[in-house]
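Trainee: Now for the letters of each chain:
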Amino acid sequence: MEREWMTQRKSLTAPVACLGQKVMGLIAEMGAAAIFLFQALVRIFHPKQVAPILEQVYFIGARSTNIVILVGLFTGMVLGLQLYHTLIQVGSQGALGSVLALSLIRELGPVLAAIMITARAGSSMTAEIGMQRVSEQIDALTTMRIDPLRFLVSPRVAAALVSFPLLTAVFDITGIVGGYISSVLLLGLDDGTFFHGVRSGVEMSDINGGTIKSLVFAVLVSTICCFEGYFTHMRTDSAGAKGVGLSTTAAVVLSCVFILVADYVVTSLLL
Amino acid sequence: MIAFKDVTKRFGDHTVLDKVNLEISEGQVTTIIGKSGAGKSVLLKHIIGLLRPDEGTILFEGKNIDKMKKGEWNAYVSQISYMFQNSALFDSLTVFENVALPLQETTNMHKREIRQRVMERIEQAELTRVADKYPAQLSGGMQKRVALSRALVTGPKIVLFDEPTTGQDPVRRNAILGMISEYQRKYGFTAVLISHDIPDVFFISNRLLVLDGGKIVFQGTPEALDDFEHPYVDEFIQSLEGLQEHLTGLYSRRNFRVRYQKTLKRDGFNDRFAVAVFSLDDWERIEGNVGHVAAQKVVKALSKYINEHFGVVGGFSSRLFSNQFVTVLPFSDLKEARSILDAFVRDLKTQGMTDIRSDARLLEKECFEFAISAGLAEGTSDDDVNTVIDTAHSEGTTIAQFRCESREVTVNEKVYP
Chain A
1 MEREWMTQRK SLTAPVACLG QKVMGLIAEM GAAAIFLFQA LVRIFHPKQV
51 APILEQVYFI GARSTNIVIL VGLFTGMVLG LQLYHTLIQV GSQGALGSVL
101 ALSLIRELGP VLAAIMITAR AGSSMTAEIG MQRVSEQIDA LTTMRIDPLR
151 FLVSPRVAAA LVSFPLLTAV FDITGIVGGY ISSVLLLGLD DGTFFHGVRS
201 GVEMSDINGG TIKSLVFAVL VSTICCFEGY FTHMRTDSAG AKGVGLSTTA
251 AVVLSCVFIL VADYVVTSLL L
Chain B
1001 MIAFKDVTKR FGDHTVLDKV NLEISEGQVT TIIGKSGAGK SVLLKHIIGL
1051 LRPDEGTILF EGKNIDKMKK GEWNAYVSQI SYMFQNSALF DSLTVFENVA
1101 LPLQETTNMH KREIRQRVME RIEQAELTRV ADKYPAQLSG GMQKRVALSR
1151 ALVTGPKIVL FDEPTTGQDP VRRNAILGMI SEYQRKYGFT AVLISHDIPD
1201 VFFISNRLLV LDGGKIVFQG TPEALDDFEH PYVDEFIQSL EGLQEHLTGL
1251 YSRRNFRVRY QKTLKRDGFN DRFAVAVFSL DDWERIEGNV GHVAAQKVVK
1301 ALSKYINEHF GVVGGFSSRL FSNQFVTVLP FSDLKEARSI LDAFVRDLKT
1351 QGMTDIRSDA RLLEKECFEF AISAGLAEGT SDDDVNTVID TAHSEGTTIA
1401 QFRCESREVT VNEKVYP
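Protein chains in written order, with the numbering used here: chain A, 1 to 271; chain B, 1001 to 1417.
Chain B on its own, in the form it takes in the complex (with noise of 0.2 Å):
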């Protein structure tokens, strides 16, 4: 959709952009990673045309955008949508005047539409009741929403985010990449982003671009990143990501790899090991229902909770999307497995539930009903780990639910009479 060809930006004597190929695909997210200053921002406001290329070329559709007449440059730009680092909100304007700016002065709407419309965005961000505030009156966190609200209120085909979670502590910042995941699959828009949240921002990006000395040093997906050898990813991304995660405090999936690696392939580990792989259910709805932040918080309670029910047996865990776990079992075969998953939902069913709503600190009103399903898989040391995850994966089925009504968790009575 959009491809860079040999472009080089000079500021001075300065070389911020070094010759830069790269592509972007249609309704994919697509995340640019690199340290601070290498100039990330500078590529993103290229694409907008905020910034000329000193050399080379831009296409978008295969058109070269400095080469296009008033009213093609017009179309191509009324496409795209550009949320800034700093959030850039009228600082004199309200939370809804901000997001109703681009409609009331680049469309004919009638007001009562606008109105509609912005409402319906303020409400998604769940800025109802700040509609009526000063930017300044607001969390950054907020202000970032606000920013993302109006960004995405005039329908782009592309929205470019530069560093949307910056600044933000390890729930809200998945609540806005949460945000984006979201709107991006409801509305299939294009996005481009950058990005410090190394690994969070893995879970919703399907393709990373790495620049790196002004130079694009990777381009493709998140999963081909962990076999990519490159100076940049041991110094960078391996200091970004850390040992844990910040959110679930589950191993990153590179270092999960690496203990993958040193337990069960080591010399002299011929057993078996069993894998399983943990969904959240219906995770778009609970983000409906109780909100990103809400959801968020959700997805650290449950995941410290199999943390530690599966640590004291051995196991260690990661997590592969923003829904989804795995837990390897080292010293466990298959059957064995399957009683410690018992012995888990048995656990989830008395104690779980009250745990992970205290963990999460969710009020008593904030109710949400849920689904965990669950998976096994038997494997070897000389096994691929992610063959078996998929495996499991495969196998995965419902295990418990969870209902207001009764506030109760129910028992798949078929798997678990």
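Okay, chain A solo, but in the shape it has when bound (with noise of 0.2 Å):
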């Protein structure tokens, strides 16, 4: 009798425990991913680290200029052309300039950015330390006494936090040109008018706040995606090389929520 009550018992919590077991294992996870960005920020005060943060920085932040070039270009040539048939309608396409600037500086130069360079580099930093530790390529690294956290998360982490605030100023700039482009070249805005806009505007704050996020958005996305290379063999769903093709996926896809996630955590905390 007792253990029948005990089972119908059970199979009524079960929901809530599993919710809960999940709720729980996300928390140790978020802890865990703390102290490892805590321990990779130590770890970047070396005398060893220079030139390994500057090959970073020349992976994450160099070579993603090109697809942020791009993707700036076009996002602001597309935000002019909205903007303007928008705008024309009530009139105030004087208004352009600045709404255009404002909308980059402050929300899709830092968030756009940081996803272009998540899909770029994020995606190889998690497939490169997770093949390095599936196959014992970091075992071998603390059998030599190499510090792993030192030698392969702290160097990116703070080329993470070089580069990001850096493609996302050029992001911002390549944007207004793409947006004075569509605006005022082939929809025949004044130049002055649109150029008065940016500048009148825009604040240095505004600028700042831009500035922040992308420091945000480069520490979570090099902790994610280094975290979930880092622990790769820990998956329990699978193993090699499939195990770091799907690490490789949920760090992309974490990092991307959890842009957005802090995006409208620092903008309420910023405005």
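Since the hints were derived computationally from the structure, they do not count as laboratory data. Take the hints with a grain of salt, since some may be wrong.
Computed cross-link-like contacts, PhoX-like style, restricted to lysine-lysine with a CA-CA straight-line distance of at most 25 Å [what the hints assert, rightly or not]:
#	chain 1	residue 1	chain 2	residue 2
1	A	K10	A	K22
2	A	K48	B	K1335
3	A	K48	B	K1070
Residues of chain A clear of chain B, computed beta-carbon distances all greater than 10 Å [claimed, not checked]:
#	residue
4	I35
5	R63
6	E107
7	M144
8	I212
Glycine residues also receive a C-beta, built at the ideal position from the N, C-alpha and C atoms.
Since each chain sits alone in its own frame, please combine them into the complex, following the hints.
Mentor: Below you can see the structure in the form of structure tokens.
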């Protein structure tokens, strides 16, 4: 009788228990990632880190410039196009420059640049570190007394902190240029009106806000991507190359989700 | 030096190591053998701290490594190098960069000094031509040699080799074992090997550990393993040994003993028999001159030559050490054996060297000087074969030498006037 009662109780609480377990797991994972980030940050200040950080700045930053320019340009162009046709209906096309610049600097620049870097460099971080994990290269580092966090993770986190704001700035500028091309050169808006709008609408606090966002995204993306790769061997659903593939997908999806969530949180704090 | 006391390791419900007790002595080559999945790599990873035991203790010079302070632990780990089963080379770094990495990252050595030390190791491993290549561009054997160079570049006191010869052909397998043995003698480190290469690995091992069912079922010398009665030995070791050695084509030591028992200890065999022990002298110099792979090819060719020559008169041969062979002539006394050896030396002078060189596929420019010594002894069916072999070995004298200048075999005039 008692056994039956226990089984009944178990079946009733099972969905809640399952949810609780998942939430606890998520919290534990986030805690582990926070410790992981802290340890990586501490290890940035090591005499042998200059060359690896520069190498990663080149990989994450310099090699992502082209794609950021391309996406920034077309984002600005489409934004200019949409704004022109919307604002002209209410006769406010004079505000196009400021609306376009503020949208890019405050929101689109940091978010889209971060997503593009995640797609290009973040996925590669996870795959590279993941492969090093499954092929025992990380164990080999440990046996050689080379701290894997210092050697593999810290340079990537530091390079992301340098590259994200710079690439965001590149995105913002090319976006404004794109907006100029579509609204001024193609649709005939007065260029003086456009640049006056940009200059009068944008304040230093907007630029600072965009930079803060890009730094937050840098921390999030580099931590998530490195964490997923570093612990790819702990996956319970698969192993080996398939595990690395799944970790890479998870890293990209998680990074994008966290970028958008963090964007909202940071925006609400800044406003 | 290192001791395991009742070490147990479980993965879930599966017990991989079950109260393992073992000892690893300083300056020796200790080989761990066991079936696949027996837990050999797990055991090795415990030594360097990649895995921690669930129960039991691991002692290094009497100190529990689990209770070491950070400084002590760093000092302990800094003495150890680990060569991984799959080499674990950094695929984004070149051969040079891979070997240089531990020096660059863990020492304050000057760039020039690092370069010199790394190139020295690379040259020793015959990798100079591929120093700028990436691991993916190398063969499996070369990758193993890069991993070996990386493991030894820091001058460790203890080197752990996890199946260093897996997937290699017999010649390269023995070349790698030869390198390990040579480096171990040269630098005096303590080597712990995991290997399936039976009996080849016996020639370089001072001590064997047999892991079966999560327990160490045998600890001792390779010779003592021959007398060890355990189902594992029958099932596993004999199946690996096969009838003949892969490299030399000679009888394995165990089968040599069986053949000896069958031929000389059978009822009615009362005759005397002779034993000849051959040595390829200056073995280390040969390896140094022509490289480990070529040296192994020469051993193979020479052993084949000995086997063919003495096989026609009913002799059977086995390999004693890397450069030593023994032949039993069951139907010959000492006098007859001496005349057979005379004929062998004459053959070696006229045709043998050419045969050995062509069999070993040595190029014309790959010349190396060497000397072969031989010793003879006589025994009866009541004698212990090892005693007769020892006597033959002690009687060894140089019978022939090969000199590059003349490209000829010179016979020892004092012995063969």
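Trainee: Each hint needs a verdict: does it hold in this structure or not?
Mentor: Comparing the hints with the structure gives:
For the hint linking A:K10 to A:K22, the alpha-carbon distance of about 17 Å falls within 25 Å, and the restraint holds. Restraint check for A:K48 and B:K1335: not satisfied, since their Cα atoms lie roughly 72 Å apart, outside the 25 Å limit. With a CA separation close to 21 Å, the supplied pair A:K48 and B:K1070 stays within the 25 Å bound. Distance check for A:I35 against chain B: the nearest CB is about 18 Å away, which clears 10 Å, and the non-interface claim stands.
A:R63, annotated as away from the interface, keeps every beta carbon of chain B farther than 10 Å; the closest lies near 15 Å. For A:E107, the requirement that its beta carbon stay farther than 10 Å from each beta carbon of chain B is met, with the minimum near 36 Å. Look at A:M144: its CB is around 4 Å from the nearest CB on chain B, not clear of 10 Å, so calling it non-interface is violated. With a least beta-carbon separation of about 33 Å from chain B, A:I212 lies farther than 10 Å from that chain, consistent with its non-interface assignment.
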